[in-house]
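For the first sequence, the numbering used here assigns the number 3 to the initial residue and increments by one for each residue that follows.
Note that these hints are calculated values from the structure, not bench results. One or more hints might be untrue.
As the list claims (entries may be wrong) - List of simulated lysine to any residue pairs, SDA-like, C-alpha gap at most 20 Å:
hint: 1; residue 1: K60; residue 2: R171
hint: 2; residue 1: K282; residue 2: P302
hint: 3; residue 1: K198; residue 2: G232
hint: 4; residue 1: K336; residue 2: E316
hint: 5; residue 1: K266; residue 2: D480
hint: 6; residue 1: K282; residue 2: P421
hint: 7; residue 1: K299; residue 2: D393
hint: 8; residue 1: K564; residue 2: Q455
hint: 9; residue 1: K452; residue 2: K268
hint: 10; residue 1: K347; residue 2: P302
hint: 11; residue 1: K404; residue 2: E261
hint: 12; residue 1: K564; residue 2: H478
hint: 13; residue 1: K293; residue 2: K390
hint: 14; residue 1: K60; residue 2: Q41
hint: 15; residue 1: K282; residue 2: L362
hint: 16; residue 1: K576; residue 2: S557
hint: 17; residue 1: K153; residue 2: D454
hint: 18; residue 1: K336; residue 2: A352
hint: 19; residue 1: K269; residue 2: P42
hint: 20; residue 1: K253; residue 2: C418
hint: 21; residue 1: K165; residue 2: E119
hint: 22; residue 1: K519; residue 2: F34
hint: 23; residue 1: K153; residue 2: Q455
hint: 24; residue 1: K266; residue 2: P61
hint: 25; residue 1: K336; residue 2: G437
hint: 26; residue 1: K268; residue 2: R104
hint: 27; residue 1: K336; residue 2: K299
hint: 28; residue 1: K336; residue 2: S315
hint: 29; residue 1: K282; residue 2: L424
hint: 30; residue 1: K564; residue 2: E489
What the hints assert, rightly or not - Between beta-carbon pairs, the in silico distance windows are:
hint: 31; residue 1: L101; residue 2: K268; range: 28 to 34 Å
hint: 32; residue 1: V96; residue 2: E520; range: 43 to 49 Å
hint: 33; residue 1: N417; residue 2: G232; range: 34 to 40 Å
hint: 34; residue 1: N578; residue 2: S31; range: 25 to 31 Å
hint: 35; residue 1: L233; residue 2: K153; range: 25 to 31 Å
Just so you know, even glycine gets a beta-carbon here, dropped at the ideal spot from N, CA and C.
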Amino acid sequence: MCLFSADKRVSDSNNKYLEVRADMSIRWSESFIPTLKEQPKGVDNISHSLSLRAGLVKPLISGVYSYLPLGWKVLLNIITIIREEMNSIGAQEVALPSLSPRDLWERTGRWAGWGDEIFKFNDRKDRELCLAPTHEEIITDIASKELHSYKDLPQIWYQIKTKYRDEPRPRGGVLRVREFMMKDSYSMDVDEEGVKRSYALHRDAYIRIFTRCGLDCKIVEAPSGVMGGGLSEEFMVPSEGGEDRIIVCKKCGYQSNREIASYKRKKSDNASNGSNLLTKIYTPVEGSVDKISEFLKVPPSKLMKSLLFFNNSEPIFVLIRGDHEVSIEKLGIKGLRIAEPHEIKSITGAEAGYVSPIGLAIRTIADYSLQGEKGLVTGANENEYHFKDVDIDRDLKVNEWKDIEIPNTGDICPNCESPLSLEQTIEVGHIFQLGTRYSIPMVAFFLDSKGDQKPIIMGSYGIGIERVMATIIETHYDSNGILWPSEVAPYKVVIIPLNIGNPKIKEAAEEIWENLKEKTEVILDDRDETAGVKFKDAQLIGIPWQIVIGERSISENSVEIKSRDGKISTSVLKANAVSEILKELKVQN
RNA sequence: CGGGGAGUAGCGCAGCUGGUAGCGCACAUGGUUUGGGACCAUGGGGUCACGGGUUCAAAUCCCGUCUCCCCGACCA
Numbered sequence: 003m004c005l006f007s008a009d010k011r012v013s014d015s016n017n018k019y020l021e022v023r024a025d026m027s028i029r030w031s032e033s034f035i036p037t038l039k040e041q042p043k044g045v046d047n048i049s050h051s052l053s054l055r056a057g058l059v060k061p062l063i064s065g066v067y068s069y070l071p072l073g074w075k076v077l078l079n080i081i082t083i084i085r086e087e088m089n090s091i092g093a094q095e096v097a098l099p100s101l102s103p104r105d106l107w108e109r110t111g112r113w114a115g116w117g118d119e120i121f122k123f124n125d126r127k128d129r130e131l132c133l134a135p136t137h138e139e140i141i142t143d144i145a146s147k148e149l150h151s152y153k154d155l156p157q158i159w160y161q162i163k164t165k166y167r168d169e170p171r172p173r174g175g176v177l178r179v180r181e182f183m184m185k186d187s188y189s190m191d192v193d194e195e196g197v198k199r200s201y202a203l204h205r206d207a208y209i210r211i212f213t214r215c216g217l218d219c220k221i222v223e224a225p226s227g228v229m230g231g232g233l234s235e236e237f238m239v240p241s242e243g244g245e246d247r248i249i250v251c252k253k254c255g256y257q258s259n260r261e262i263a264s265y266k267r268k269k270s271d272n273a274s275n276g277s278n279l280l281t282k283i284y285t286p287v288e289g290s291v292d293k294i295s296e297f298l299k300v301p302p303s304k305l306m307k308s309l310l311f312f313n314n315s316e317p318i319f320v321l322i323r324g325d326h327e328v329s330i331e332k333l334g335i336k337g338l339r340i341a342e343p344h345e346i347k348s349i350t351g352a353e354a355g356y357v358s359p360i361g362l363a364i365r366t367i368a369d370y371s372l373q374g375e376k377g378l379v380t381g382a383n384e385n386e387y388h389f390k391d392v393d394i395d396r397d398l399k400v401n402e403w404k405d406i407e408i409p410n411t412g413d414i415c416p417n418c419e420s421p422l423s424l425e426q427t428i429e430v431g432h433i434f435q436l437g438t439r440y441s442i443p444m445v446a447f448f449l450d451s452k453g454d455q456k457p458i459i460m461g462s463y464g465i466g467i468e469r470v471m472a473t474i475i476e477t478h479y480d481s482n483g484i485l486w487p488s489e490v491a492p493y494k495v496v497i498i499p500l501n502i503g504n505p506k507i508k509e510a511a512e513e514i515w516e517n518l519k520e521k522t523e524v525i526l527d528d529r530d531e532t533a534g535v536k537f538k539d540a541q542l543i544g545i546p547w548q549i550v551i552g553e554r555s556i557s558e559n560s561v562e563i564k565s566r567d568g569k570i571s572t573s574v575l576k577a578n579a580v581s582e583i584l585k586e587l588k589v590q591n
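Full structure from sequences and hints, please.
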């Protein structure tokens, strides 16, 4: 038969396996789009629910999904956008392996740094391997072996590759998973100025990528965490399905990752705190801020939270106001860890909740919010006892004052002094200036024009592909289903003959289909289903445009053109349907 | 890792005071329908998560294990 012939197709649809398809259009009756009428159980997240109901994905195990035809088409559309924009800044696509040896990760200290989040196993020769959670080490290894001269730089390499991370808790469907695709790119420059240029190129490309995907991003300064290095920004999309929170000032536009956001401290309003002496009081309740505050009728802001940390073997007390949380990022001490319960007990004599540096000679770091405070309550280093009327200048020695608190809603903007608010967001992209974080330990050096040996200055830049898809759903849906932005939609148009049993309707649908399928991606709903089923499915899978052919309209030789968002619904002559829909598609792009 | 919930047909669920495994949707066949998840008839489909125990008898009671979902996780 013509299985390998260049003929485009055999038109008899009974021979569908013999057709050689040159376009991406399809008949619904031949497609695999397993839609779900009912809400899947145990799913409360919008994008999770809709990606299952629209037949985009299928779960295999916790945090691992198969992508079905429709979902894969969307992901490919997102990938195409990313490729175009990455190529446009001169980035070159590569494909790096997922398998990598332990020693590569040991050189940068990230074998331990990633901890249990890295999938590790041994090969048949008992060599220790892992599935790469990211690719800085592998890229830097190549750079160290191949880039020797300033003439070889700069370079930008990128790939779209599956990453493996054994997340402690996968959640939200495809929002946080253990196996996922990432567009990751890496820049290699000769100096700071170079990395800034590469970073700016990426920043602009990311703005274009997310705009084309229909996402409205906020770019916030971010902590660099396990990646290490210097300046870094996150691309955050406001959404209730998100698990990250950012601080924003609605007045002046200040915005930041919550962990490193700053805010203006104000004195606590406590007029009556005089010069009362430090007093020990009996507090027979659980030592949490809420419980102590309730028991003593003291607002949480007058409680001094004392947290014991260890920097290697040195204990450090960290003091913050009771109504705030400490930011490990802001503390900025490498290798800092919270003390174990037995360490707290042996150093202070009491359990967590009843401790403080008062009377102990331990290095103490306090947040600016506590400066000059009197009348505070804190632990007395004895179980079920607290001190009240603590005067921080009188009763203890603070070695260092620092900005170490995480702001809350209502705290004051550091720029314009308006109230700040928290916004729930999804992180879809993250860009880093890495500096020499990887090039020095991995000996990626080059010779500059004077013959001096210098480390390559690097940057790395990521986008979560599936997360972009899920975020688009989170921000583009209604009660009937998904509303895909045109460029990522799996099909641009769905043709809906309402009654396939009516020959006139069927013929009209086939005619439009034949004329349209070479020009855009279109799906013909030729199933023998009732109108309700077809409308519901078309809306659920979110195709931006519908051409509806029913008895009413066909008797007047016309068809309806409807947009998924309900904004456009017009009747056009059947003969003009193709040109009209193409006109609408062009307007939208 | 801590807390909560759940595993019975492809999906959603009932059955749980022990006594032959059920409903709706989906699926197959025939017929009637056809502008918003149709109707009638007939039919196929199960290791009741897994392992042990109690019992004449276990989806059901007891013990253990696994898996999935949700919330929380250096915040004292």
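For this session: Could you grab the alpha-carbon distance between K266 and P61 and see if it respects the 20 Å cut-off?
Result: Violated, because 46 Å separates the two Cα atoms, which is more than 20 Å.
For this session: Starting from K60, check that the Cα of Q41 is at most 20 Å away, please.
Result: holds (14 Å)
Problem set entry | Holds or violated: K266 to D480, with C-alpha atoms at most 20 Å apart | violated (40 Å)
Exercise. CA of K282 to CA of P421, is that 20 Å or under?
Worked result: Between K282 and P421 the Cα gap is close to 36 Å, so the pair fails against 20 Å, i.e. violated.
For this session: Please work out if K153 and Q455 have their alpha carbons no farther apart than 20 Å.
Result: This hinted pair holds, its Cα atoms lying about 13 Å apart.
For this session: Verify the proposed pairing of K519 with F34, using a straight-line Cα cut of 20 Å.
Result: holds (18 Å)
Exercise. Does the structure keep K336 and A352 at a Cα separation of 20 Å or less?
Worked result: violated (27 Å)
For this session: Would you check the hint for K153 and D454, treating anything up to 20 Å between C-alpha atoms as holding?
Result: Distance of about 13 Å is within 20 Å: holds.
Exercise. Is the straight-line distance between the alpha-carbon of K564 and that of E489 20 Å or less?
Worked result: Given that 20 Å is the threshold and the Cα spacing comes to 18 Å, the pair holds.
Exercise. If you draw a straight line from the CA of K564 to the CA of Q455, is it 20 Å or shorter?
Worked result: violated (64 Å)
For this session: Sort out whether G232 lies within 20 Å of K198, counting only the CA atoms.
Result: Holds: K198 and G232 sit about 11 Å apart, inside 20 Å.
Exercise. CA of K293 to CA of K390, is that 20 Å or under?
Worked result: Given pair K293, K390 holds - Cα atoms ~15 Å apart, limit 20 Å.
Violated hints, in rising order: 5, 6, 8, 9, 10, 18, 19, 24, 26, 27, 29, 31, 32 and 33; the structure is consistent with all others.
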